[in-house]
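Student: Listed here are the chains, written in short residue letters.
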Amino acid sequence: MSDPVLIPHDPPLVRNPGPARMLRPSVFWQIAEDLPPRLSWILMALSIALPLVLWAIVASSGLVKSLFLPSPAQVVTAIHRLWVSGALPVDIQSSLLRIMGGFALATAIAIPLGTLMGTFASIRSLMEPIVGIVRYMPATAFIPLLILYFGLGELPKILLVFVGTLFFNTLMVMDSVKFIPKEMIEATYTLGGNRWQVLLQVILPYIMPGIIDTCRVNMAAAWNLVIVSELVAATEGLGRRISVAQRFLKTDEIFAGLIIIGAIGLTIDILFRLLLRYACRWSVKA
Amino acid sequence: MHLEIKHLYKQFSARGNTIVALKDINLHVETGELVCAVGASGSGKSTMLRIVAGLEQPTAGEVLVDGQPVIGPGADRGMVFQSYTLYPWMTVEENISFGLKLQGASLADRFEQACYYMGVVGLSQFAKALPRELSGGMKQRVAIARALASQPKILLMDEPFGALDVQTRETMQGFLIDLWQNTGTTILTITHDVEEAVFLSQRVYVMSARPGTIRQELVIDLPADRNEAVRRSSTFQDYRYAILDLLRQPVAVGA
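So the sequence lines, in the order shown, correspond to chains A and B.
Reading the first sequence from the start, the letters are residues 8 to 293 in my numbering.
Reading the second sequence from the start, the letters are residues 17 to 271 in my numbering.
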């Protein structure tokens, strides 16, 4: 049997312990708890409204010349003007097509490649070093090459979006495979499943929410790249619109372009969230 | 059905040290038996079960199912894990029939089997529920039904009730006894819970730790109909203390 534990002396005294300290309750600062929905909505509305109000105040105060900071009303007018003239719909359409093309291509490769890399350590060892290196090369640095190879048409712009999102998509899809419990794969083997079935019928459905989320997050990068490609050389597109506006000192149109890009980005984000909710009901918190 | 483990050894190397997890394990399970291997953590019992399932390879020795050596996992050895391994995107019904789907059964067959086994585990009214809507005990019942639906020769259970609270655990033990009696399934379970081992088993293998060996085999001669009265009987307690004493025996120095 074990020896009795000897306690050499009393534990050291804590000086001036004072009244017991307790954590005070808080709604706003609570950690890892849900906010009351009402408060949540109010805060989210403030998040948009506050910068807007601030902008309106600064613009109307005369502190900044309206040449540099147009008022919200001027920007709304600019958006309306560009929309009616037909320029804005064309810009939106061409930017969107480039993004969709490049991103769809990147996703079509990233999903199978990332899943294979996440599933098989062999494929990971084979692919991760090269993907890891190329990922660190800024996609925009490929622009000169893309222009040299493919000229100034649509192809280099689509390829820029493709190059810039492929590797991030691949690595993030790969990472989502990590979270599948090993026992779930083993249970499938003991049910008679082979590796191919595990890949297609267990791993793929399990990481589907991760794939959708990856697309949602990397869509922002795709916007970045398409705008850059249009700033360099394009005849239409939202990036082109902004660079032309700069040349003619039309700050209101620059703002209009930025706001449209933000609005479209937010819409796409929400669409992906809805897709997640609809397609992967099991993974969404009820 | 005849499961036999013959002279099984398993060694791991960790940071240059060789650890003997299993040393000369010999064990057998016959048709319709419910056998438990009981041991403390570190006795390698989980590793042993995983080798039987084909999820790990032995260093030496072999596992035979009906004379055929085990080289990898297969549907002839169903397994229930301690952690919840249900597919979270599938309903209870889809989970239960998934093994049959993997084996290429028709939709009608799968539906029929799923209905049958949902009835066996008493979850028919939860056919369309997702795993996250179930309690821990219900999840394990689905896991058992899922393993049984593939009609394995033997059901392997790795601390199947280890994650459950005491009340649910006792209910599930009664459930497993009933299921075993009604279906005639051959079962090999491992557990660290001595009472559970005595309550469930016809035979118990007591394992000692570091290295994992089988210290003794005990035949549990209790009435086939295990209930709370049996659990409180003095014979039951005698078995319990006998196993606890075996588990407490110090390991010989140098072993």
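If you're looking for bench data, these hints aren't it; they were derived computationally from the structure.
Built from N, CA and C at the ideal position, the CB exists for glycine as well.
Keep in mind that the hints are not guaranteed to be accurate.
Listing some non-contacts, in silico: residues in chain B with all C-beta distances to chain A over 12 Å [unchecked claim]:
| # | residue |
| --- | --- |
| 1 | Asp-40 |
| 2 | Glu-46 |
| 3 | Gln-98 |
| 4 | Leu-102 |
| 5 | Leu-118 |
| 6 | Gln-119 |
| 7 | Ser-122 |
| 8 | Leu-146 |
| 9 | Arg-148 |
| 10 | Ala-240 |
| 11 | Asp-254 |
Derived SDA-like pairs: lysine to any residue, alpha-carbon spacing no greater than 25 Å straight-line [as the list claims (entries may be wrong)]:
| # | chain 1 | residue 1 | chain 2 | residue 2 |
| --- | --- | --- | --- | --- |
| 12 | A | Lys-292 | B | Leu-118 |
| 13 | A | Lys-292 | B | Ala-145 |
| 14 | A | Lys-185 | B | Leu-118 |
Student: All hints, please: hold or fail.
Tutor: Against the structure, the hints:
1. The beta carbon of B:Asp-40 sits about 26 Å from the closest Cβ of chain A, which is more than 12 Å, so the claim that it is off the interface holds.
2. B:Glu-46, annotated as away from the interface, keeps every beta carbon of chain A farther than 12 Å; the closest lies near 21 Å.
3. A beta-carbon of chain A is positioned within 12 Å of the beta-carbon of B:Gln-98; the least distance is around 8 Å.
4. Not every Cβ of chain A is farther than 12 Å from the Cβ of B:Leu-102; the closest lies at roughly 8 Å, contradicting the non-interface assignment.
5. Not every beta carbon of chain A lies more than 12 Å from that of B:Leu-118, the smallest distance being close to 4 Å; the non-interface claim is violated.
6. Its beta-carbon lying about 5 Å from the closest one in chain A, B:Gln-119 breaks the requirement of being farther than 12 Å from that chain.
7. No Cβ of chain A comes within 12 Å of the Cβ of B:Ser-122; the nearest lies about 16 Å off, and the non-interface call holds.
8. Residue placement check: B:Leu-146 does not keep its beta carbon more than 12 Å from all beta carbons of chain A (closest about 5 Å).
9. Distance to chain A contradicts B:Arg-148 as a non-interface residue, since its nearest Cβ pair spans about 7 Å, not more than 12 Å.
10. Non-interface call for B:Ala-240 relative to chain A: holds, since the shortest CB-CB distance, roughly 28 Å, exceeds 12 Å.
11. The beta carbon of B:Asp-254 sits about 23 Å from the closest Cβ of chain A, which is more than 12 Å, so the claim that it is off the interface holds.
12. With a CA separation close to 29 Å, the supplied pair A:Lys-292 and B:Leu-118 exceeds the 25 Å bound.
13. Simply put, A:Lys-292 and B:Ala-145 have alpha-carbon atoms about 15 Å apart, close enough for the 25 Å limit, and the pair holds.
14. Between A:Lys-185 and B:Leu-118 the alpha-carbon distance is near 23 Å, which keeps this suggested pair within the 25 Å criterion.
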